[in-house]
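Colleague: Chain by chain, the residues run as shown.
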Amino acid sequence: MNEAFRMLFDQVKSGVIWVQRNGVVRYANKAAVQMTPVILGQALLDPVAERTVKAAGQNMLKLPFAFELTTQEAHPDTIRAAVINAPVGQDLMVVMNNVSEERWYSQALENLIGYVEAEMAQPIEALAQKLPKTAQLVQQQGAAGDLKVMVQEAAALSIKLGKLRDLVSVFGESALQRDERIMLPDLLQQAMAEVMPQASARNVTVVMAVVNGELPAVYGSSHWLSKATSEYLEQSIRSAQPGGLIELSIQSVGTRVMVRARNQGLFVSNHERRNAFVPFGVGDSAKPGDKRRGIGLALAQRILEQHGGSVRIEDEFDSVDFVLEIPAGAPASQDAQLSVEQAQRYARDMSQLMARSMAKRVKLDDNNSAPVPLGVDKA
Amino acid sequence: MTHRILIVEDQPDICKLIRMTLEFGDFEIHEANDGETGLNMARAIKPHVMLLDVMMPGLLDGYQVCTRIKQDPDLKQIQVVMLTARGQATDLAAGEAAGADAYLVKPFSPLELIERVETMAGLIA
Numbered sequence: 383m384n385e386a387f388r389m390l391f392d393q394v395k396s397g398v399i400w401v402q403r404n405g406v407v408r409y410a411n412k413a414a415v416q417m418t419p420v421i422l423g424q425a426l427l428d429p430v431a432e433r434t435v436k437a438a439g440q441n442m443l444k445l446p447f448a449f450e451l452t453t454q455e456a457h458p459d460t461i462r463a464a465v466i467n468a469p470v471g472q473d474l475m476v477v478m479n480n481v482s483e484e485r486w487y488s489q490a491l492e493n494l495i496g497y498v499e500a501e502m503a504q505p506i507e508a509l510a511q512k513l514p515k516t517a518q519l520v521q522q523q524g525a526a527g528d529l530k531v532m533v534q535e536a537a538a539l540s541i542k543l544g545k546l547r548d549l550v551s552v553f554g555e556s557a558l559q560r561d562e563r564i565m566l567p568d569l570l571q572q573a574m575a576e577v578m579p580q581a582s583a584r585n586v587t588v589v590m591a592v593v594n595g596e597l598p599a600v601y602g603s604s605h606w607l608s609k610a611t612s613e614y615l616e617q618s619i620r621s622a623q624p625g626g627l628i629e630l631s632i633q634s635v636g637t638r639v640m641v642r643a644r645n646q647g648l649f650v651s652n653h654e655r656r657n658a659f660v661p662f663g664v665g666d667s668a669k670p671g672d673k674r675r676g677i678g679l680a681l682a683q684r685i686l687e688q689h690g691g692s693v694r695i696e697d698e699f700d701s702v703d704f705v706l707e708i709p710a711g712a713p714a715s716q717d718a719q720l721s722v723e724q725a726q727r728y729a730r731d732m733s734q735l736m737a738r739s740m741a742k743r744v745k746l747d748d749n750n751s752a753p754v755p756l757g758v759d760k761a
Numbered sequence: 004m005t006h007r008i009l010i011v012e013d014q015p016d017i018c019k020l021i022r023m024t025l026e027f028g029d030f031e032i033h034e035a036n037d038g039e040t041g042l043n044m045a046r047a048i049k050p051h052v053m054l055l056d057v058m059m060p061g062l063l064d065g066y067q068v069c070t071r072i073k074q075d076p077d078l079k080q081i082q083v084v085m086l087t088a089r090g091q092a093t094d095l096a097a098g099e100a101a102g103a104d105a106y107l108v109k110p111f112s113p114l115e116l117i118e119r120v121e122t123m124a125g126l127i128a
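Line by line, the protein sequences are chains X and U.
Mind the numbering: the first sequence is residues 383 to 761 in the working numbering, read in order.
Mind the numbering: the second sequence is residues 4 to 128 in the working numbering, read in order.
Since the hints were made in silico from the structure, they are not lab data.
The reader is advised that the hints may include incorrect statements.
What the hints assert, rightly or not - Beta-carbon label-pair distances, calculated as ranges:
id, chain 1, residue 1, chain 2, residue 2, range
1, U, Lys79, X, Ala583, 47 to 55 angstroms
2, X, Ala500, U, Lys79, 53 to 61 angstroms
3, X, Gln518, U, Asp16, 51 to 59 angstroms
4, U, Gly125, X, Glu696, 52 to 60 angstroms
5, U, Asp16, X, Phe387, 56 to 64 angstroms
6, X, Arg743, U, Gly125, 14 to 22 angstroms
As the list claims (entries may be wrong) - Just so you have them, the derived chain U footprint on chain X, three or more residues with Cβ under 8 angstroms:
id, stretch
7, 594–600
8, 736–744
Note that CB positions come from ideal geometry on N, CA and C, so glycine has one too.
Model the full structure from these sequences, guided by the hints.
Modeller: See the structure below:
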């Protein structure tokens with residue numbers, strides 16, 4: 383194996399073992415050694431891996447061939463492996479990934495969601511409800527500066543915790559209500575009023591273009607779509623340069639309704655665009671000093687996705703557009719429960735419908751066979 | 004005279020059940036599965052009664068179709084029955100504002116439906 387391959391395989395996260403067709407190991411990277419015992423110049427020590435590689439070397443398996451291993455530990459991890467042809471020569475390669483490790487991260491995320499839902503959602507809501515009254519009391523009693531600051535900080539923390547609770551809610555099990563009729567211009571006006579303090583603080587002007595013609599209604603959860611729109615607007619304001627201008631527009635495009643917040647004279651790199659949607663702002667290269675984007679766009683995106691829509695950032699030549707898109711009209715889904723209930727009503731009424739129809743026919747027949755006065759032709 | 008009925012409903016199962024119900028009467032039945040098609044068919048066939056679902060995918064929902072029908076001098080005589088799974092006061096008010104002539108909440112009684120349609124079509128006065 384040449385040096386370039388060695389350098390390449392030393393860099394990858396997956397375990398890579400280069401073997402001869404007789405099963406003798408020629409190279410193993412660091413990740414591979416952590417997953418399965420390997421000695422250069424000998425056959426693989428794991429019996430499953432050894433048998434599989436030998437079978438592949440004797441052309442008894444169709445490559446690529448996937449199989450599973452376990453680590454040799456008290457609580458073994460599962461390794462997903464595949465035997466493939468080496469990039470040069472007749473040799474083989476075993477590529478391995480630790481599935482248990484991947485599962486650990488997804489399990490940890492699920493646990494976090496479950497924890498926030500079960501342990502934190504209610505206390506956060508209770509705190510958020512009590513804070514305005516606490517702030518009032520502090521003002522009335524002329525509290526010391528420290529206490530005022532503490533209340534302000536608690537209020538700020540409550541807002542952030544509330545967003546975390548919302549994010550967990552939309553990632554959680556509970557389905558969003560999706561049958562409320564919503565006119566997006568109204569929703570946008572309401573969201574604009576909510577984010578105006580942030581816009582004023584940054585000296586950002588937000589103007590809304592006049593809507594031409596009647597826009598289609600959208601259907602969904604008014605509560606969640608309102609949150610998503612506020613988060614989306616807040617994010618575009620946060621991204622705008624101080625003193626900048628954001629032009630908002632709504633239009634129907636095909637079967638979708640599109641809201642566009644255009645930031646003039648702004649540039650967003652691909653890196654920023656990608657990381658903007660990662661919850662908590664922790665992207666691939668987030669550093670402790672990096673400005674975190676919070677959870678706003680991730681929350682908005684998740685809510686929109688659950689309504690069949692999306693949120694994205696589009697980079698124009700001299701502007702950046704924050705685009706929110708949602709299908710016009712109701713979601714095209716079959717309400718099975720309603721169909722069943724309607725069928726049950728039909729079954730219940732069917733005998734009466736038949737009796738009614740029969741009675742009408744009899745009445746019609748009677749009319750047709752009524753005695754005809756003499757001298758009058760029935761036809 | 005056979006009366007023309009237009010069903011505008013996006014859920015195939017519900018649409019089929021309405022058709023099966025109306026087949027107990029003497030009607031010429033037409034179907035559309037979204038608001039735009041429904042409006043175009045209404046212009047083409049001028050139904051006597053239109054059974055119009057409120058929540059439909061696409062650019063026009065039931066309320067918007069109803070509003071357009073009632074604003075069109077050529078179509079406003081069509082009797083519109085709104086069909087919806089939501090029967091709250093605000094929904095009924097929205098139907099009334101759109102000019103609907105009647106409102107049936109799903110799941111509705113097929114017997115009530117056919118009687119309502121016959122009355123509206125002028126079969127039972």
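Colleague: With reference to the structure, classify each hint as holding or not holding.
Modeller: Hints versus structure:
no., hint, verdict
1, U:Lys79 with X:Ala583: 47 to 55 angstroms, "holds, 52 angstroms"
2, X:Ala500 with U:Lys79: 53 to 61 angstroms, "holds, 56 angstroms"
3, X:Gln518 with U:Asp16: 51 to 59 angstroms, "holds, 54 angstroms"
4, U:Gly125 with X:Glu696: 52 to 60 angstroms, "holds, 55 angstroms"
5, U:Asp16 with X:Phe387: 56 to 64 angstroms, "holds, 60 angstroms"
6, X:Arg743 with U:Gly125: 14 to 22 angstroms, "holds, 20 angstroms"
7, 594–600, "holds (count 3)"
8, 736–744, "holds (count 3)"
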